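Asks: Chain by chain, the residues:
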Amino acid sequence: MYRINYRKNFDLFLIILPLIIVSAGLLFLYSASHGIYESNGTNFAHRQAMWLLAGIVMLVIIVNMDFRRILDWSYLCYGIMALMLLVLLFAGGARMGAKRWFSIGWLTFQPSEFAKIILIMVLAFYIGNNRHAIRTIKGLITPFLLAGVLFLLIIKEPDLGSALILLAILFIMLLVSEMPVKYMAGLVIAGVASSPFLWNFLKEYQKRRLLVFINPNMDPLGAGYTIIQSKIAIGSGGLFGRGFLGGTQNQLNFLPESHTDFIFAVIGEEWGFAGVLLVVFLFVFLISRILSVAERTNDFYGKLVVMGVAGMLAFQVIVNIAMTVGLMPVVGIPLPFVSYGGSSLIMNFIAIALVINIDMHRTLF
Amino acid sequence: MIISFIRKIIIALFSVLIVYLFYMQCVRGEYYQDLAKMNRIRLLPLSGPRGNIYDRDGNLLAGNRLAFDCVVMPQEFYPDHKALEELGRLLNKSASVLKDEIRENTIAPFVPMVIKDDVAKELAIAISEKSLDLPGLLIQTRSVRYYPHKNMGSHVIGYLGKINEDELYALSDYGYKAMDHVGRGGLESFYDSYLKGEEGGIQAEVDSRGRELRQLGIKEPEKGKDITTTIDLELEAHIDSLMEGERGAAIVMSSETGEILALVSKPDFDPNIFVSALKPDSIKILLGRSDYPMIDRAISGAYPPGSVFKLVTSSAALDMKRMSLHDQLNCPGFYMLGKWRFNCWKDDGHGTETIIDGIKNSCNVFFYQVGRKAGVDGLAAYAVKYGMGRNSGIDLPYESAGTVPTRAWKLYRMRQSWFEGDTVNYAIGQGYLLVTPIQILRMTNAVGTEGILVKPFLVRKIGGLEVKGAERRRLDISKETFRTIKEGMKRAVDDPSGTAKAARAKGLSVAGKTGTAEAGPKGTHAWFTGFSPADKPQFSLVVFLEYGGKGGDKPAKMASSIFAKLKELGYL
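These protein sequences, in sequence, are chains A and B.
Residue 255 in this note's numbering sits at position 255 of the first sequence, with consecutive numbering throughout.
Position in the second sequence (from 1) plus 1000 gives the number in this note's numbering.
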């Protein structure tokens, strides 16, 4: 039964596109590690390739699981996640002034990445079970609480980027669950109204980043430095780029964080407009395919999950690129499948696996 | 339906990004490429060391030494507490102070930041060893000015200072740049354009930490020209020790040429403290001192000459034939001008004297009368002839011209007509007259050489080139006049009752004149000026002590010692 469904319902692009993007990402990670002064033996491309294997294993496992059972676990997963984030706040190892990682030996693990997928699942589970309640204000309290707790725990780490993604996920899932327009409008107004309150949650450097965005020349060598270097890298790429390993901004280490949040600048510098166009196109294609899954699935739970994944990916890609070209403040959001990071890569494969799973089982429901 | 709406929104947002990327990369690509180029290509200046300054025998007076700066590369240096503590221990600063300094002084992540300049060599080695554990910490070397003899000769050699805005404006066409050091006094200032090295530079490709990856081009820096002075270090040192603790100046000059063999001004200063900003406090203390150690009293200080001016008074009266060698004048101990009484320094008087005795005794009453014979116009004219009232032209900055008063001068400056009493004062070197020690030296030398007025100078060689001997002028004053005055000066030294007898030097014939100038309530300035050998001088000297008592005491004794040293050194 499974096998038949597998052949019949499986959109190959859902697995091919991420793999193409990851492969391109490995090239750029290689380039980013090639910088002359990364002489401590760290090769981000090698490590990422290992994470890729782990991600594919996770994908295979999840694709072959029963989607309903996965959703049944969502509250448990949510509880464990909240607990982990709480522990992290008090006991997490400080790295770059932030408590985002658990370290076990050389292995580091970033719970906030998994919080995204867990939020998608828990929201899908709750909204799916309370489809009509969601149309009332009372019914909205629980989804907001579910998202709010994780949001506060993560923004406190501080990880502004991941926290914002949670809000984006909540927003798009409520949108899909056909929440009345007046509530949606109220939500937007409430969001704007509460921003001064959220401002106080931010760390000094985060506030500075946001202010620098309003006036980039305010601090050209501090918070503004990265964005200036990133713009130079992308802009100097021109139409066809400066060639693989040929970007001086990246290779001479003018570009900080080139292997994580600013990997897109490496693409822009070395492959130029042609390269970024290709990468953007791959992402648009992938997201579009995921949206198609959402359109054709009959399962409301599945639809919610798929839309959560689509929203999460789209938000991350758009904000990350906008950030590296200076159209948005730097908030620390990685480029899915491309930026270096094991937790992020595995989480993205899990998300894709869920989409494939739902796509495969759509006729079962 | 909602999904297709979301799809449209997402595609719209991506389209905005694509358009913006196209604008950045294809429209403004060149602009960003220029910025990228500026990022990676840096001109690393190579400073050309300053030329050395030597004494006449090639002893170093000013040179360059290697200084070690403790430097931090902000991007590489992650100031965790342990690193700061360790560094603080080495530099004797607290970790928190160090952290603040690093944060405040960081210009750019890739611009090295000096956290302590000019550290001792031992400390530099210790820091270098530590830098293995503390990435981003390093020792940079640079060449800095070095004055091996510290205070000695500081007024001749001068010192350096950071170029200021006005100087930069005036000198930028000549290759001076901000942060350059320029000469601020002495030869360092006067010959700055020769001493200054030519800056070179390396055009280099650098990484984000400012580290050089590849040289693209190099222009070798050039060392400034070396300067050889006329100073004799040993003589300078001798006079320096004689003058220790005094305030004043002493100069020794070659009579024929005007070469300065020694020039000492006290108090003095250590020019080394201006070189590194090691102790800005000590500069402040130096500049704030009430005894003005920065003033070169030999050329910049203008003082009443007192009795040494009697040589000018004599010249005027004799050369203008207002009196003769044989004329005799009486000194009862005082001189009456109308109802005004002018005293001699000797209460019971010198009796009847010729001009030779007058000079020997430095008799005031005698010169009151001689001065009146010459008149104010005669005194002023001869003072100017001897080079007073204008710069000597020595190759040092900040020379003072002094004041040679005339009737017109007094009318203009004091709004008063000239009184005969002014002339009487003028004759013995008091009143409005102000001179510098170098002017007195020149004047004395002209008397000794029977009319050669030289321009004193300090530099005999610039780079490999001999400097043309300085100009000499023959004064149109009769030989007889000079010989008469010289006779008086010889007697002042040789005669048991001569005022300058303390200046005698064993085995040498010395001629001299003392001066004790009234200088207000704080006492008298003491002068001695003279030359040797007395008949055909080879060297002239002047010793001046601010509030130094009588010229016949300390200054004459010092002169004796200086003459003896000249003999010992083989000059006489």
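Treat the hints with care, as some may be off.
Below, in silico cross-link-like pairs of lysine-lysine (DSS-like), each with a Cα-Cα straight-line distance of 27 angstroms or less [to be verified]:
(1) B:K1550 <-> B:K1461
(2) B:K1150 <-> B:K1130
(3) B:K1082 <-> B:K1150
(4) B:K1008 <-> B:K1121
(5) B:K1506 <-> B:K1461
(6) B:K1099 <-> A:K207
(7) A:K207 <-> A:K156
(8) A:K203 <-> B:K1099
(9) B:K1346 <-> B:K1099
(10) B:K1567 <-> A:K182
(11) B:K1346 <-> A:K203
(12) B:K1468 <-> B:K1501
These are computed hints drawn from the structure, not numbers from a lab.
Because the structure is a prediction, the values reported are computed rather than measured.
Asks: Hints first: check each against the structure and report whether it holds.
Replies: The hints, checked one at a time:
1. B:K1550 <-> B:K1461: Violated, because 39 angstroms separates the two Cα atoms, which is more than 27 angstroms.
2. B:K1150 <-> B:K1130: With Cα atoms ~33 angstroms apart, B:K1150 and B:K1130 exceed 27 angstroms; violated.
3. B:K1082 <-> B:K1150: Answer violated: B:K1082 to B:K1150 is near 40 angstroms, above 27 angstroms.
4. B:K1008 <-> B:K1121: violated (69 angstroms)
5. B:K1506 <-> B:K1461: Not satisfied, since the Cα-Cα distance of roughly 34 angstroms exceeds 27 angstroms.
6. B:K1099 <-> A:K207: holds (22 angstroms)
7. A:K207 <-> A:K156: Holds, because 14 angstroms separates the two Cα atoms, which is no more than 27 angstroms.
8. A:K203 <-> B:K1099: holds (20 angstroms)
9. B:K1346 <-> B:K1099: violated (72 angstroms)
10. B:K1567 <-> A:K182: Outside the cut-off at roughly 111 angstroms; violated.
11. B:K1346 <-> A:K203: violated (89 angstroms)
12. B:K1468 <-> B:K1501: violated (38 angstroms)
Of the hints listed earlier, those the structure fails to meet are numbers 1, 2, 3, 4, 5, 9, 10, 11 and 12, in rising order.
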